[in-house]
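Just so you know, the sequences run in chain order A and B. Using the numbering used here, read the first sequence as starting at 40 and increasing by one per residue. Using the numbering used here, read the second sequence as starting at 40 and increasing by one per residue.
Everything labelled a hint here was simulated from the structure, so no lab data went into it. Some hints could be false.
Copies of one chain are not kept apart here, so a pair can be met inside one copy or by any two copies together.
Said to hold, decoys possible - Quick list of in silico lysine to aspartate or glutamate cross-link-like pairs, EDC-like style, CA-CA up to 20 Å: (1) Lys277 with Asp724; (2) Lys727 with Glu278; (3) Lys512 with Glu151; (4) Lys596 with Glu139; (5) Lys286 with Asp724; (6) Lys727 with Asp116.
All values derive from a computational prediction rather than experimental measurement.
There are 2 protein chains.
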Amino acid sequence: MPEGLGCEGKRESDGTLAALWRLQRWYILLFSSFCPNRKFTRLPHLAGTQQNLRLAEQIRDEWLAFGLDSAELVWYDVLLSYPNRTHPNYISIVDQHGDEMFNSSLSEPVPEGYEHVTDIVPPYSAFSAQGRPQGDLVYVNYGRTEDFFKLEREMGINCTGKIVIARYGKIFRGNKVKNAVLAGAKGIILYSDPADYCAQGVEPYPAGWNLPGGGAQRGNVLNLNGAGDPLTPGYPAKEYTYRSKLKEGAGLPKIPVHPIGYHDAVHLLKNMGGASPPPDWRGALNVSYRIGPGFTDDFILNKVRMNIHTYNQVTRIYNVIGRIRGAREPDRCVILGGHRDAWVFGAIDPVSGAAVVHETVRAAGALRQRGWRPRRSLIFASWDAEEFGLQGSTEWAEENAIMLQERAVAYINADSAIEGMYTLRVDCTPSLHTLVYDITKLVRSKVTIQKRTVCISMCETKAEWVGLNCCSKLGSGSDFEAYFIRLGITSGRARYTKNRKTERYSSYPVYHSVYETFELVERFYDPSFQRLEAVGRVRAGLVFRLADALIIPLDCKEYARSLTQYANTIQQLALEHPEAIQRYGVTFEGLFSAVDNFTQAAADFHQRLDKLDTKDVLAVRMLNDQLMYLERAFIDPLGLPGRPFYRHVVFAPSSHNKYAGESFPGIYDALFDIENAADPDRAWDEVKRQISIATVTVNSAANTLHPVA
Amino acid sequence: MPEGLGCEGKRESDGTLAALWRLQRWYILLFSSFCPNRKFTRLPHLAGTQQNLRLAEQIRDEWLAFGLDSAELVWYDVLLSYPNRTHPNYISIVDQHGDEMFNSSLSEPVPEGYEHVTDIVPPYSAFSAQGRPQGDLVYVNYGRTEDFFKLEREMGINCTGKIVIARYGKIFRGNKVKNAVLAGAKGIILYSDPADYCAQGVEPYPAGWNLPGGGAQRGNVLNLNGAGDPLTPGYPAKEYTYRSKLKEGAGLPKIPVHPIGYHDAVHLLKNMGGASPPPDWRGALNVSYRIGPGFTDDFILNKVRMNIHTYNQVTRIYNVIGRIRGAREPDRCVILGGHRDAWVFGAIDPVSGAAVVHETVRAAGALRQRGWRPRRSLIFASWDAEEFGLQGSTEWAEENAIMLQERAVAYINADSAIEGMYTLRVDCTPSLHTLVYDITKLVRSKVTIQKRTVCISMCETKAEWVGLNCCSKLGSGSDFEAYFIRLGITSGRARYTKNRKTERYSSYPVYHSVYETFELVERFYDPSFQRLEAVGRVRAGLVFRLADALIIPLDCKEYARSLTQYANTIQQLALEHPEAIQRYGVTFEGLFSAVDNFTQAAADFHQRLDKLDTKDVLAVRMLNDQLMYLERAFIDPLGLPGRPFYRHVVFAPSSHNKYAGESFPGIYDALFDIENAADPDRAWDEVKRQISIATVTVNSAANTLHPVA
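With the sequences and hints as input, model every part of the structure.
Structure representation (structure tokens):
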């Protein structure tokens with residue numbers, strides 16, 4: 040097929056027949072089976088292990104066989120963290136003589152059928168400090184900022200020198216650890232409470248998909264703020280790269296951290312001394328645990344001891360990078376990337392996503408072998424060491440930052456495709472709203488729930504679609520971070536999710552446990568693999584359209600609409616302090632005026648786009664450049680305060696929960712807890728400074744949409 | 040004339056007849072007279088004054104009349120600094136009762152013909168702190184880093200709490216002030232020594248072009264490191280921009296500073312107590328001054344007192360921005376910019392440059408009115424407040440950073456066109472070497488000196504041209520700084536200069552004095568204005584070719600050659616510490632390997648360029664994008680240590696002299712004075728880190744030259 044395939048038609052986001060036909064062809068090739076999921080989940084694929092390297096090689100070879108122009112391994116030597124094989128990690132209750140009266144489990148019971156598997160890493164907190172701290176235990180609920188505020192300010196409980204125990208859920212575990220360190224704790228235990236990790240009326244795995252009492256959540260406890268490899272922040276971890284000393288490494292916790300399941304947790308929590316926890320702090324573990332130091336009753340003089348021997352080690356990791364060269368604009372690329380490394384079998388995280396990438400590559404490769412090329416280049420990535428702080432994706436972004444800044448049209452992320460069984464969830468930058476809506480309209484999943492197919496079928500209009508928050512903000516916690524938040528590349532992600540209104544448990548119950556098996560997906564989450572197929576079609580559809588449309592299908596007006604909304608939200612937050620606003624002369628006038636400028640510029644831009652002579656090759660390229668660079672315009676090279684790698688002025692991971700996205704994060708952080716600021720003059724000055732940065736940035740972004748020259 | 044003018048021909052840097060013809064036409068229109076120089080120098084044009092605003096309006100109106108598509112004033116409210124009109128600044132020698140026995144002059148004798156002119160600002164150091172410090176005087180030679188090292192380490196003289204006196208010359212005055220502050224001085228006096236500001240056998244102005252004894256050098260004493268307006272570093276100083284508190288302003292000196300002429304200086308220097316200055320420290324003031332505190336003889340108990348009332352004030356400044364829209368690629372621009380503000384009449388600085396810009400606009404406007412348009416857009420800028428720290432140009436760069444990053448092909452600077460009468464001097468980025476050489480070959484100046492016309496006529500080959508250092512590195516001290524060092528835009532500057540081998544005085548003698556009159560230029564520097572014309576042709580030729588050539592005429596191979604040279608130089612510097620190199624395992628292997636990668640990539644790139652099908656509009660655009668973005672590839676968003684706005688990894692203003700360019704500045708600074716490092720482990724670690732950053736960056740730049748996708 041000639042290369043011109045992508046070039047006819049004016050605006051393919053209008054849905055011309057030709058474009059639809061090509062997309063259909065792409066879809067037909069997708070998901071002839073979901074064998075990758077089974078194949079990729081037979082063995083553990085922990086980052087830095089031989090098994091994960093073998094998988095990388097296999098994927099590379101298959102991608103080449105599928106028909107990509109190239110596929111290669113790209114390595115980095117990054118800091119990873121593993122438990123010591125001969126000195127396992129555990130938590131003890133010790134008596135007054137220091138003798139261990141109770142020890143937590145050293146591993147999870149292995150599910151049936153996997154008993155023969157070696158190299159299952161036991162639950163641990165990656166990058167935990169080593170140590171054997173011993174002391175009183177304080178229960179800190181979810182360990183959120185507000186939880187510690189409540190402890191310190193309302194309940195008068197000081198965590199200095201204590202070991203704290205927090206339940207998993209609500210926020211990224213690294214933030215819990217950071218809060219514990221700030222509160223002065225000398226260790227933190229993380230546990231999964233049934234209130235957060237068991238759905239009502241569901242059995243524990245294998246009978247159902249709930250977390251068994253012996254299961255525990257692995258995970259890194261870094262506070263990297265986008266730095267990638269902790270020893271080479273800002274630069275790719277190659278052989279020629281300087282590595283900082285471990286003690287100066289980015290984001291490493293200074294205290295021991297360890298995760299346990301609820302069967303173990305109950306022993307620690309029962310009979311704790313101190314005050315009763317407030318009602319909303321009580322998990323489902325129906326024991327009479329209390330808040331505060333020490334143990335009552337039998338254990339009156341007992342303490343908790345953590346025994347942590349986890350070590351850090353510079354280890355080689357491998358991304359697989361595959362490419363199809365674009366027919367007309369090879370110097371423009373669309374990236375589909377997702378991670379390959381898993382804590383154990385990873386049937387949901389990441390293989391449900393990696394399978395989508397694999398199938399997409401297969402479809403694209405098959406088209407390629409029949410002569411097709413997309414207008415722009417495609418890059419497919421199988422990232423390594425995502426679980427250790429998004430390292431594979433961040434290092435590759437660091438090595439290719441200049442190229443990406445200049446040439447990347449969009450990055451679509453492909454982590455876990457399912458975290459629930461209810462409906463589609465999309466997080467993306469506002470300029471993708473319309474494309475996502477258009478694509479989901481085309482995806483007719485065979486999965487029916489309450490007579491609906493995918494979420495989108497509820498929404499008759501785009502306004503409704505966005506209004507119902509079917510599209511939310513991007514936070515972090517997956518590999519799009521460096522591309523979106525650091526480099527300002529248009530980004531989005533999609534997955535099947537739970538019903539947030541009725542299903543109140545965190546994430547999905549067996550998240551990061553040994554129970555994320557192929558059977559879990561096949562029996563419970565997606566027996567016919569139709570949810571995976573629906574998610575795959577959305578992801579692949581986005582990639583296809585972004586790479587192949589003559590005009591990059593981004594909607595600047597949606598960005599304008601979102602900016603208006605965010606400006607209103609942040610102003611409302613400031614208006615909660617009417618007196619201070621008055622006293623310090625804080626005004627959002629400039630910001631609103633900038634948003635107006637942007638709104639007008641966006642409207643004018645789309646008018647010009649509608650009138651574009653699509654035969655004029657340079658005119659098309661110039662408008663496409665404006666579209667491609669729109670997201671880049673929100674990058675402030677100076678970064679957010681104290682977070683130099685979070686450079687997007689409109690979106691950043693929340694400072695209090697890496698998983699959540701915050702809009703106008705600079706202003707938000709400046710306003711946070713401002714009523715308790717030690718120096719209010721300085722604090723409100725910072726608010727004004729941040730409003731000014733947002734204003735400058737939005738004005739600047741508006742300028743990029745003006746007619747060129 | 041149709042818009043296609045710039046499009047035929049393959050590589051115009053090959054010198055096709057059509058391109059030559061167009062350039063000739065452009066040249067013929069240039070410099071029909073040099074009236075702008077006379078017109079612009081009748082009155083002072085200090086930044087922030089009504090007179091300078093009137094001049095801006097006049098220039099805007101003339102540019103519009105010349106035929107530009109647009110010309111507008113663009114304002115910023117920036118921090119400027121002026122002497123107090125009712126409390127003049129001066130230096131006193133005071134006796135033991137505190138009575139003033141000698142006071143320095145309050146102003147310079149005004150040259151004949153200008154007696155009626157009001158608003159001549161007296162010599163002062165802009166942004167000096169206010170104060171009346173009194174104390175012993177220490178002579179610190181040029182006030183360079185090495186001078187203070189010598190004082191402290193060899194001569195055992197401590198400047199803490201002293202007033203120091205430094206002679207002007209060798210380095211940027213701001214660096215002298217910074218060094219004095221670091222040495223603990225409580226004030227610094229700057230004076231012009233005849234050794235540095237008088238040429239042998241030349242009379243003082245008006246009989247000749249030497250500095251009269253009553254003349255003194257104005258100038259700012261900031262250490263901005265590229266921040267622009269001290270109160271809004273990183274952001275444009277608009278009405279909606281947050282301004283930091285004055286005490287937190289960027290680069291403001293903490294001590295009083297004042298400049299004096301040599302008639303005044305002799306009173307301070309004679310009969311100083313202390314040790315004799317080393318022979319190489321003695322200026323031409325033939326008095327028995329000594330180094331060290333106090334005064335001997337008659338003045339045994341006398342002290343020096345500075346009386347400084349200069350104040351800082353946020354003031355509106357105005358750039359003039361003119362444009363010609365490009366015919367084929369309006370979203371690519373070439374900028375010709377130079378400043379308009381002058382300390383007084385500014386016949387050399389800046390009007391000899393501003394006249395070149397004005398004439399270039401006239402020529403371009405005339406062509407434009409006859410139907411011509413360049414392939415790419417042209418932007419002409421008349422910057423304000425350059426003398427106050429490059430503020431007009433930096434603020435505009437800050438406001439348009441995103442646009443410039445994406446679309447700027449090159450920035451050509453047009454400050455003073457003459458600083459001597461001998462030969463052409465060009466400072467530019469290496470990729471411009473070849474174009475500069477080609478252009479200067481075309482410029483046949485009528486000025487003959489020792490049977491040569493302009494410098495280039497000495498050089499028969501490009502290798503000779505570069506080898507003879509006719510092209511040097513860019514430093515700073517003029518408006519290209521933000522464009523080159525912060526944003527990574529291909530930049531260059533050209534001017535007529537002195538014979539550095541035989542003319543040893545600094546700058547030109549009457550630099551920044553009231554004696555920079557039209558008559559100075561007309562009588563001495565360029566009686567027939569042929570030097571100005573030659574410089575104008577080089578500048579305009581660069582702009583024309585960069586804007587109009589089908590293929591952007593940049594030479595990546597020259598960049599490769601220069602990188603090799605810089606890598607060798609910096610390695611040599613490190614090899615001065617063979618033991619430490621060994622002990623700490625410092626190696627430049629990675630850097631040389633990166634330079635090799637770059638060299639190979641550059642060679643391959645130019646091979647592809649030679650084979651390019653110039654009819655393929657997109658292919659041409661893609662290669663041009665690689666050329667345009669080459670300089671950008673050397674930008675590290677994290678900036679140099681402590682200098683976040685100096686982000687070019689290959690070039691930065693020296694940390695010890697803003698005027699001079701340093702190659703691989705991160706490594707250079709890490710190596711500087713390393714033998715005296717307090718913590719050698721840490722210091723050598725930093726050397727390794729900087730080598731690694733350079734390596735990463737050069738590799739990354741090499742990648743941008745590879746075939747796309």
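Consistency of the hints with the structure:
Taking identical chains as interchangeable, the C-alpha atoms of Lys277 and Asp724 lie at most 20 Å apart only when they sit on different chains, with a minimum of 17 Å there against 41 Å within one chain. When the C-alpha separation of Lys727 and Glu278 is checked against a cutoff of 20 Å, the pair qualifies only between copies, where the shortest distance is 13 Å, while the shortest distance within a copy is 44 Å. Proximity of Lys512 and Glu151 under a CA criterion of 20 Å is satisfied in neither setting, with 39 Å inside one chain copy and 70 Å between copies. Proximity of Lys596 and Glu139 under a CA criterion of 20 Å is satisfied in neither setting, with 63 Å inside one chain copy and 70 Å between copies.
In this assembly of identical chains, Lys286 and Asp724 lie within 20 Å of each other by CA distance solely across copies; the values are 14 Å between and 33 Å within a copy. Only between protomers do Lys727 and Asp116 lie at most 20 Å apart by alpha-carbon distance; the minimum there is 17 Å, versus 42 Å within a single protomer.
In terms of the numbered hints stated before, the structure departs from hints 3, 4, listed from lowest to highest.
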